[in-house]
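Spelled out, the chains give:
2 protein chains.
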Amino acid sequence: MQAVRFDSQLHVVTNQPVPMVPKGEALLRVRQVGVCSTDIEITRGYMGFSGTLGHEFVATVEQCEDRALMGKRVVGEINCVCTSCDMCVGGLSNHCRNRTVLGIVNRDGCFAEFCVLPANNLHVLPDQVDDDMAVFVEPLAAAVQVTKQVRMDSKTFVTVVGGGRLGLLVAQVVNNLGVPVRVIGRDAAKLSLCERWQIRSRHVKDIQPRKDQDVVIDCTGSSDGLELAMQLVRPRGTLVLKSTFVPTRPLNLAPIVVDEINVIGSRCGPFAAAIQLMADRAIDVTSLISRRFKLDQAPAAIEHAQKPGVLKVLMRG
Amino acid sequence: MQAVRFDSQLHVVTNQPVPMVPKGEALLRVRQVGVCSTDIEITRGYMGFSGTLGHEFVATVEQCEDRALMGKRVVGEINCVCTSCDMCVGGLSNHCRNRTVLGIVNRDGCFAEFCVLPANNLHVLPDQVDDDMAVFVEPLAAAVQVTKQVRMDSKTFVTVVGGGRLGLLVAQVVNNLGVPVRVIGRDAAKLSLCERWQIRSRHVKDIQPRKDQDVVIDCTGSSDGLELAMQLVRPRGTLVLKSTFVPTRPLNLAPIVVDEINVIGSRCGPFAAAIQLMADRAIDVTSLISRRFKLDQAPAAIEHAQKPGVLKVLMRG
Chain A
1 MQAVRFDSQL HVVTNQPVPM VPKGEALLRV RQVGVCSTDI EITRGYMGFS GTLGHEFVAT
61 VEQCEDRALM GKRVVGEINC VCTSCDMCVG GLSNHCRNRT VLGIVNRDGC FAEFCVLPAN
121 NLHVLPDQVD DDMAVFVEPL AAAVQVTKQV RMDSKTFVTV VGGGRLGLLV AQVVNNLGVP
181 VRVIGRDAAK LSLCERWQIR SRHVKDIQPR KDQDVVIDCT GSSDGLELAM QLVRPRGTLV
241 LKSTFVPTRP LNLAPIVVDE INVIGSRCGP FAAAIQLMAD RAIDVTSLIS RRFKLDQAPA
301 AIEHAQKPGV LKVLMRG
Chain B
1001 MQAVRFDSQL HVVTNQPVPM VPKGEALLRV RQVGVCSTDI EITRGYMGFS GTLGHEFVAT
1061 VEQCEDRALM GKRVVGEINC VCTSCDMCVG GLSNHCRNRT VLGIVNRDGC FAEFCVLPAN
1121 NLHVLPDQVD DDMAVFVEPL AAAVQVTKQV RMDSKTFVTV VGGGRLGLLV AQVVNNLGVP
1181 VRVIGRDAAK LSLCERWQIR SRHVKDIQPR KDQDVVIDCT GSSDGLELAM QLVRPRGTLV
1241 LKSTFVPTRP LNLAPIVVDE INVIGSRCGP FAAAIQLMAD RAIDVTSLIS RRFKLDQAPA
1301 AIEHAQKPGV LKVLMRG
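Residue numbers (our numbering), protein chains in the order written: chain A, 1 to 317; chain B, 1001 to 1317.
It should be emphasised that the hints constitute simulated quantities derived from the structure, not laboratory data.
Hints may contain errors.
[As the list claims (entries may be wrong)] Distance condition first, Cα-Cα at most 30 Å in a straight line; then the derived DSBU-like pairs of lysine-lysine:
{"hint": "1", "chain 1": "B", "residue 1": "K1155", "chain 2": "B", "residue 2": "K1072"}
{"hint": "2", "chain 1": "A", "residue 1": "K148", "chain 2": "B", "residue 2": "K1294"}
{"hint": "3", "chain 1": "B", "residue 1": "K1023", "chain 2": "B", "residue 2": "K1072"}
{"hint": "4", "chain 1": "A", "residue 1": "K148", "chain 2": "B", "residue 2": "K1023"}
{"hint": "5", "chain 1": "A", "residue 1": "K155", "chain 2": "B", "residue 2": "K1023"}
{"hint": "6", "chain 1": "B", "residue 1": "K1072", "chain 2": "A", "residue 2": "K148"}
{"hint": "7", "chain 1": "B", "residue 1": "K1072", "chain 2": "A", "residue 2": "K211"}
{"hint": "8", "chain 1": "A", "residue 1": "K294", "chain 2": "A", "residue 2": "K211"}
{"hint": "9", "chain 1": "A", "residue 1": "K72", "chain 2": "A", "residue 2": "K23"}
{"hint": "10", "chain 1": "A", "residue 1": "K307", "chain 2": "A", "residue 2": "K294"}
{"hint": "11", "chain 1": "A", "residue 1": "K155", "chain 2": "A", "residue 2": "K205"}
{"hint": "12", "chain 1": "B", "residue 1": "K1294", "chain 2": "B", "residue 2": "K1072"}
{"hint": "13", "chain 1": "A", "residue 1": "K72", "chain 2": "A", "residue 2": "K205"}
{"hint": "14", "chain 1": "A", "residue 1": "K294", "chain 2": "A", "residue 2": "K72"}
{"hint": "15", "chain 1": "A", "residue 1": "K155", "chain 2": "A", "residue 2": "K72"}
Being a predicted model, the structure only gives us computed values, none of them experimental.
From just these sequences and the hints, can you work out the full model?
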């Protein structure tokens, strides 16, 4: 089958064997995939991953012990867990000590004709969530996760730093809760989407940080973004770190101590909540689609996803 | 009067005027002071402070509107606040927007014959807390602060990274609550104090980090310490940042996101609780005294405080 593989270099191969299906897992025929910043980081060496890339997808179940799932249109949680380590037993299976992660840790991803995932990881999609929306379930779940970790209400002042793919999803989720939220970004075209959603936005150049925000959510994945976030959050406020990155220079972390900031790392989130938000039309994801590629154009697609002004890039086989 | 001043260089001066006493403040005749890592950082340029150094002291009230305080032996909280900004009104006066901080921010410190502080900042000492113990009230309060910010009980596994002045105080405070705690340090002589207090300790060389600690408290003030702390704390665990520092190299903060770690910055703490712990003999502070200097030997004292194996250095006029 066709697959987009990374092994210190990016290749599109056509002779990748269709993956074996371990007990308890399902073979998925991939319908469409999305390019995430993590994919881009991986092509720069992050996580030391090698194998088939990709973790945002919508697929049809091709083979599965559970007959009820056969032929269903599904999305899938990306953490594949052991169910027996201290984290799994303690209810934190997303942090399973022995986990593999689709296209990120020791498991081939979804940038291919087929991939496999445990049947327990799959969520059947309602008809209201079409294939374009479905590839956003994984990142939208990650955005929802912030609201599961941090209490926010109509009196909580929230700033999202970063007007990219993830920042715009996070801002919508927070806004949907009736929480006053503002997005700070660098790209006017991306920020213009906020206006459509009646979310306030500001260009980073127009910001005078005053350490007055209750909650700041850093979705930039950059040293500059994190430094700005530390200048925006109020003393004893909460700073959510939403994106992994490898800083290229030393960061002064003293504000965390001096202002007694609570920094909360945030990763994957609840798929069911994300699917429901989409089915309810509460979140606009399709406006984030910038361009579509064929799977065999993956190198160009990943390149395109890094260009200024570009939000979500999709691929199909 | 004599004073230890920093102004891009360290000087001992003898002609410093005795400070004026603003309304609501008290003139304090300094009895003894302690050298803190923050003083050392300031002599390296941290905070851009210039003026009289020092914030750990015990003194006698020499002049004060409140006659009940006259002649009393006191310690003093170091944050001098406006009582009217949003932080003060909101009950977070330690984070006052307009604060001065004794010997750290826009206020001459206590490495002098006299200093001034608002009368409201003063705590009269009981007889059980002698002058040697009293200089530890400020750092012990900072140690107590950790236990006010993070819930810990007999089932919480806690590691203190850093076997220095602050780490050994934090470890004792946590241990005193019946919480299982372990100290990781670099200096066998310092760690040997833990044995006396029946606190487990390990040399950093003997550690295999396994991401299994519920709470890790970083008291090292170093990039190495913070990196180790991130490898010790379990997913969804808590990492307390207790000391400010300026990293000299880029730090990989991805574990905070991937393991969804909760990082809590922690600064000054409750003086009354610290005084009570000392009066109850619950915490051994005097074993931390490494050496005594005269105030006019301040440069040598600050130099000595940076040597391996040295814990608390005290000075008297």
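- Message: Taking the earlier hints as the rules, which of them does this structure contradict?
- Response: 1, 2, 4, 5, 6, 7, 8, 13, 15
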